[in-house]
Amino acid sequence: MYLYNLTLQQATGIVCAINGSFSGGNKSQEIVVARGKVLELLRPDENGKIQTILSVDVFGAIRSLAQFRLTGAQKDYIVVGSDSGRIVILEYNKEKNVFDKIHQETFGKSGSRRIVPGQYLAIDPKGRAVMIGACEKQKLVYVLNRDTAARLTISSPLEAHKSHTITYSITGVDCGFDNPIFAAIELDYSEADQDSTGQAANEAQKHLTFYELDLGLNHVSRKWSEQVDNGANMLVTVPGGGDGPSGVLVCAENFVIYKNQGHPDVRAVIPRRADLPAERGVLIVSATMHKQKSMFFFLLQTEYGDVFKVTLDHDNERVTELKIKYFDTIPVSSSMCVMKLGFLFAASEFGNHALYQFQAIGADPDIESSSATLMETEEGFQPVFFKPRGLKNLVRIDQVESLMPIMDMKVVNFFEEETPQIFTLCGRGPRSSLRILRPGLAISEMAVSQLPGVPGAVWTVKKNVNDEFDAYIVVSFANATLVLSIGETVEEVSDSGFLDTTPSLAVSLIGDDSLMQVHPTGIRHIRDRGRINEWRTPGKRTIVKVGSNRLQVVIALSGGEIIYFEVDIHGQLQEVEKNEMSGDVACLDIAPVPEGRQRSRFLAVGSYDNTIRILSLDPDDCMQVLSLQSLSSPPESLLFLEVQASVGGEDGADHPASLFLNAGLQSGVLFRTVVDMVTGQLSDARSRFLGLRPPKVFSILVRGKRAMLCLSSRPWLGYVHQGHFLLTPLSYETLEYAASFSSDQCAEGVVAVAGDALRVFTIERLGETFNETSIPLRYTPRKFVFHPKKKLLITIESDQGAFPAEIRESAKKECFEAAGQGQNGKMEVENGADDEDKDDPLSDEQYGYPKAEADKWVSCIRVLDPKSTETTCLLELQDDEAAFSICTVNFHDKEYGTLLVVGTAKGLQFWPKRSLVAGFIHVYRFVKEGRGIELLHKTQVEGVPLALCQFQGRLLAGIGSVLRLYDLGKRRLLRKCENKLFPNTINSIHTYRDRIYVGDIQESFHYCKYRRDENQLYVFADDSVPRYLTASYHIDFDTMAGADKFGNIYFVRLPQDVSDEIEEDPTGGKIKWEQGKLNGAPNKVEEIVQFHVGDVVTCLQKASLIPGGVECVMYGTMMGSLGALLAFGSRDDVDFFSHLEMHMRQENPPLCGRDHMAYRSAYFPVKDVIDGDLCEQYPTLPLDIQRKIADELDRTPGEILRKLEEVRNKIV
Amino acid sequence: MFFIFNLNGWQASDRFNINSQLEHLQAKYVGTGHADMNRFEWAVNIQRDSYASYVGHYPMLAYFAIAENESIGRERYNFMQKMLLPCGLPPEREDE
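The listed protein sequences derive, respectively, from chains X and C. Note that this note's numbering gives residue 532 to position 82 of the first sequence, counting from 1, and the numbers run on in steps of one. Note that this note's numbering gives residue 477 to position 62 of the second sequence, counting from 1, and the numbers run on in steps of one.
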């Protein structure tokens, strides 16, 4: 089995983010974010919406990012610390829209290792040197400079190593143009490792060390080292060299300390939330500095989400006071970026990222702690307390969706739509949600208005070719035409010159400034100042089809005659040629007039005899048939679409201009073929089924480029995005007819008719594969199941270290009363977190739940109707019980029907040792048509029931290391059979026929059988590799798919002969079972597929995303990405793609220096998986390399692109 | 191993001997074992490597953060703190 891996949704979580001016010039400010293995450039547009400009898969784990600027330069460079054992410096190339690799220096082995640098990066604020550090020992300094041609140069590395020393953070110290200094928080463990009394370990002290790079001697030395608070975890550079006092801020647990060489410590306590338990510290997790001409300040965020503004009072080089003032509370972020335009970009650890605008910079008085008022008592320093409040200084203006983390996923066609939906459980704590993803682009509807009848067609038309906006919307009905003028409002007009008593066949701009209306009996040409020329059809014949561009018009009359008109130099429409076709014409189109030409050469005519002919329109061979294409069914509509030639630019790579002929066939297939620009020959045909109705194709504008809208039973958009031609469905209803629309309010929209309504909409977030609907949840969702018969969904949610809902509500009430505010609708327990009220002054989504002790748990079981997004039943578990597993069971010969079974644990704790008070299995009965649940009974068990599954009318439960079979009793579940021989903890159970596939948390899969006659559960096969399972899925009788904690996906299969033997053996392999092998079962499964995804895979499922398509294995990950593994159908495809992958590895080594094959084999060698993400980078390569690879594969670049498109279309 | 011996240049008079090479390795690559390594030292190295790997792999940090309901930043700090004494106190040394 060979699989093709394709990421459908790139990771949406952010590891780290930096901001700067990467495209050059002082005006533009961009953000570069690392999303695991993807590097992205984002830019907030003028409306404050974050736009993705560039996204590159680097096939390596990005761990740190930094930006620097050479003195006097206008542009920032990007330094990337990754797991490649290399330092990489990138420059954003605005013209080509790519990251150019300027330098790549190897310093160590690849992989995320303890002593190989890459974890930390620090930059000299003047851009003269960069330090790259590891968790332990190694730190390297590279000197950055310019050569005579002003190109960036990098030196060989200078070592600043110190053995037996752990590094917590590094940063550059701003010391103007003196020798660059780097500061590091270090801890020496050498003595603690030797001293068995523990004294040395107690005395181990973190140090702040300054490393000086002597630019003259080209040498790094330890300049200064001083003890620092043992809770220190982060350093922040303080401006120096005339702008400030220099030195660093040391963020430690509970404290912020200003330190500099030869300067006494200035220490202040971080204010504490009033409701924080006493044993918890306050840790700063992200920091940013903002510097203006006359002032600077820092924003520090704590692990609870509170942001503090830190300011320093200084007198030249002496810092007299350090103040920490409460600023605002936003969701905990991994990085914050203050941008020059007054924006704050906060990359959330979990859940959606946000862009805020500064309303104020915290100048108003607020709760503040200062070094001047620091109080030390016998119990230590006295903190200042505060209560979080609503946003005062920031206002959120945009958010970027993030699925991180995906906890569970199921693909089903729940709503009975054309394609299945993906249900994902996302987020954590109060920011959790159930998100329903549908393949397709999101649209935003601008207007819907009812029309007096059912329209057949719609057009928009400009008055002059130079106009920016459209002037009229023209709607055609069965016996009339309605003209609407576009202005401040859209209203009906009668002075437009259009004939309104007849239906229209086409309306367009002709020449420079005249309009044309084609109706069944003639062509009406409306010239400036109201002069109207009318051409009438000869005899009783009517016009049936029209094709036109700006200078040419072709009409087809009933009976099959074609008449060709051209606009002459006076702007008159002149008949040029006639041609009799053999039968009626089904559709017509003329290619757009090429730049600088008089006319287009090609006319495409579709006939009912299942053919398309390309006719010439050149004067010398007018109406000659240039080529002929036969089809599987009659064409319904035709469109020439030029995929525009571009030399890079914001849409991506170079691609040659090529003209595509698109035909919507009556069978619902869209047929695309390349038209040779010179000869008109058709080649390279591809077809794709779009829907049940014959697709109608229209040309519209997307990002200023020609794109194609296909209307079948749902609308599709074909457009070019970052070098790829994408054909993506729109999440919208069935449309009849459409045209592009441009007005003051809406620069790039679409106007369409459907039923008796006129709709105006815009297409959003181009390039995305899915659009989502989100339903908020209360706690971190764990798992969910569907009610098998009713259209309902049941989730279990649980959170550690939080207070139950009633205590939270009463605390909140108290808080409001103290603040003198009244209650609001948030007070009901029932819809606490479900309330989407954004104005809520203390929404949990923003502030998080108050922290409780680690043995406190909150949990709930929720029955949800996804259609109405309504929670029909919500059951909070009491007394620190938390739900971990769920399934539905139909017990045999019992009266209840389907029952819901939930596994819970009470008082579970992980530290210092895993312990719990008790585990329970709850059995619930559905009431009120499944919309509610009622507890039947609960059974106490000795461990955490992490896995539940129905098996032969009974319940299988994995409780710790015990697999047990239960039957339903009156008061409790009854034990029927058990097997205690599993190595660690069972965390998944799948069943098929009489086989049971058990997943162990550390030991991969165990294949079991149940013998009813002997009432025995026994393991007959297991895996020889210890795998820390995080997700599993049953593929077929002998095969299981699993994913481990380290980011690998693998498939194991029981060899066919062993499988047959066990099935045929009357004892079912039991005799053999008694003689185990390698401390395990007698048979071992074989690994047949192995692939490193690079992200913790949390859920797997076999599903097909397209109706009637082949199934593929879908996976969802911790970082919020979705991918698919598709099995190849033919050996030829395997050969082709493995060769393409091989050439891509050679010609396109990953951006951050990690070897592609090494990355995909990070833990185990990759086996039988071809990486589609790498293959799909093919169109972004320079043309000559594309051609070179194509030659090696004996194909043309076009064929390779077609293959890539084909395989993608099989998946989504 | 990390070195390939260059046999042609290998002479008895070479001032490198196998011991000094091993010492060099041990100094250069933290965690390189030696003949007298005890169970504790071995475990400490494994633990430190594991913590460094958790800190270096962001998705893994996030995975732990969800399990413990802490922020990712706190989780990273905890792992770094644990690198000091990952396996508790060292055993008392037997006199050689």
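Among the hints, a few may not be true.
[What the hints assert, rightly or not] Facing chain C, from chain X, some residues (calculated, C-beta under 7 Å):
#1 TYR639
#2 LEU667
#3 ILE1225
#4 PRO1226
#5 ASP1545
[As the list claims (entries may be wrong)] So the derived label-pair ranges between C-beta atoms look like this:
#6 X/LYS1241 - C/GLN462: 28 to 36 Å
#7 C/GLU483 - X/HIS611: 28 to 36 Å
#8 C/GLY448 - X/ALA1577: 24 to 32 Å
#9 C/GLY448 - X/LYS743: 55 to 63 Å
#10 X/ASP664 - C/LEU440: 29 to 37 Å
#11 C/ARG508 - X/LEU1385: 56 to 64 Å
#12 X/PHE1360 - C/MET452: 25 to 33 Å
#13 X/SER646 - C/LEU440: 56 to 64 Å
#14 C/LYS443 - X/ASP1605: 42 to 50 Å
#15 X/ALA1577 - C/ARG508: 53 to 61 Å
[Said to hold, decoys possible] Calculated lysine-lysine pairs in the DSS-like style (CA-CA distance at most 25 Å, straight line):
#16 X/LYS1241 - X/LYS1495
#17 X/LYS1378 - X/LYS1420
#18 X/LYS1552 - X/LYS1653
#19 X/LYS1356 - X/LYS1239
#20 C/LYS497 - X/LYS1306
#21 X/LYS612 - X/LYS559
#22 X/LYS1306 - X/LYS1430
#23 X/LYS576 - C/LYS497
#24 X/LYS673 - C/LYS443
#25 X/LYS559 - X/LYS1617
#26 X/LYS1459 - X/LYS1426
#27 X/LYS1363 - C/LYS497
#28 X/LYS1495 - C/LYS497
#29 X/LYS790 - X/LYS525
#30 C/LYS443 - X/LYS612
#31 X/LYS1301 - C/LYS497
#32 C/LYS497 - X/LYS612
Simulated from the structure, these hints should not be mistaken for lab results. Since the structure is predicted, the reported quantities are computational estimates derived from the model, not experimental observations. Virtual Cβ for every residue (Gly too), placed ideally from N, Cα, C.
Hints, verified against the model:
no.: 1; hint: TYR639; in the structure: holds, 5 Å
no.: 2; hint: LEU667; in the structure: violated, 24 Å
no.: 3; hint: ILE1225; in the structure: violated, 20 Å
no.: 4; hint: PRO1226; in the structure: violated, 18 Å
no.: 5; hint: ASP1545; in the structure: holds, 5 Å
no.: 6; hint: X/LYS1241 - C/GLN462: 28 to 36 Å; in the structure: violated, 50 Å
no.: 7; hint: C/GLU483 - X/HIS611: 28 to 36 Å; in the structure: holds, 33 Å
no.: 8; hint: C/GLY448 - X/ALA1577: 24 to 32 Å; in the structure: violated, 43 Å
no.: 9; hint: C/GLY448 - X/LYS743: 55 to 63 Å; in the structure: holds, 57 Å
no.: 10; hint: X/ASP664 - C/LEU440: 29 to 37 Å; in the structure: holds, 30 Å
no.: 11; hint: C/ARG508 - X/LEU1385: 56 to 64 Å; in the structure: holds, 59 Å
no.: 12; hint: X/PHE1360 - C/MET452: 25 to 33 Å; in the structure: holds, 30 Å
no.: 13; hint: X/SER646 - C/LEU440: 56 to 64 Å; in the structure: violated, 27 Å
no.: 14; hint: C/LYS443 - X/ASP1605: 42 to 50 Å; in the structure: violated, 23 Å
no.: 15; hint: X/ALA1577 - C/ARG508: 53 to 61 Å; in the structure: holds, 58 Å
no.: 16; hint: X/LYS1241 - X/LYS1495; in the structure: violated, 33 Å
no.: 17; hint: X/LYS1378 - X/LYS1420; in the structure: holds, 22 Å
no.: 18; hint: X/LYS1552 - X/LYS1653; in the structure: holds, 23 Å
no.: 19; hint: X/LYS1356 - X/LYS1239; in the structure: violated, 31 Å
no.: 20; hint: C/LYS497 - X/LYS1306; in the structure: holds, 24 Å
no.: 21; hint: X/LYS612 - X/LYS559; in the structure: holds, 18 Å
no.: 22; hint: X/LYS1306 - X/LYS1430; in the structure: violated, 30 Å
no.: 23; hint: X/LYS576 - C/LYS497; in the structure: violated, 35 Å
no.: 24; hint: X/LYS673 - C/LYS443; in the structure: holds, 23 Å
no.: 25; hint: X/LYS559 - X/LYS1617; in the structure: holds, 23 Å
no.: 26; hint: X/LYS1459 - X/LYS1426; in the structure: holds, 15 Å
no.: 27; hint: X/LYS1363 - C/LYS497; in the structure: holds, 15 Å
no.: 28; hint: X/LYS1495 - C/LYS497; in the structure: holds, 21 Å
no.: 29; hint: X/LYS790 - X/LYS525; in the structure: holds, 15 Å
no.: 30; hint: C/LYS443 - X/LYS612; in the structure: holds, 11 Å
no.: 31; hint: X/LYS1301 - C/LYS497; in the structure: holds, 23 Å
no.: 32; hint: C/LYS497 - X/LYS612; in the structure: holds, 19 Å
Hints 2, 3, 4, 6, 8, 13, 14, 16, 19, 22 and 23, counting from the list given before, are not met by this structure.
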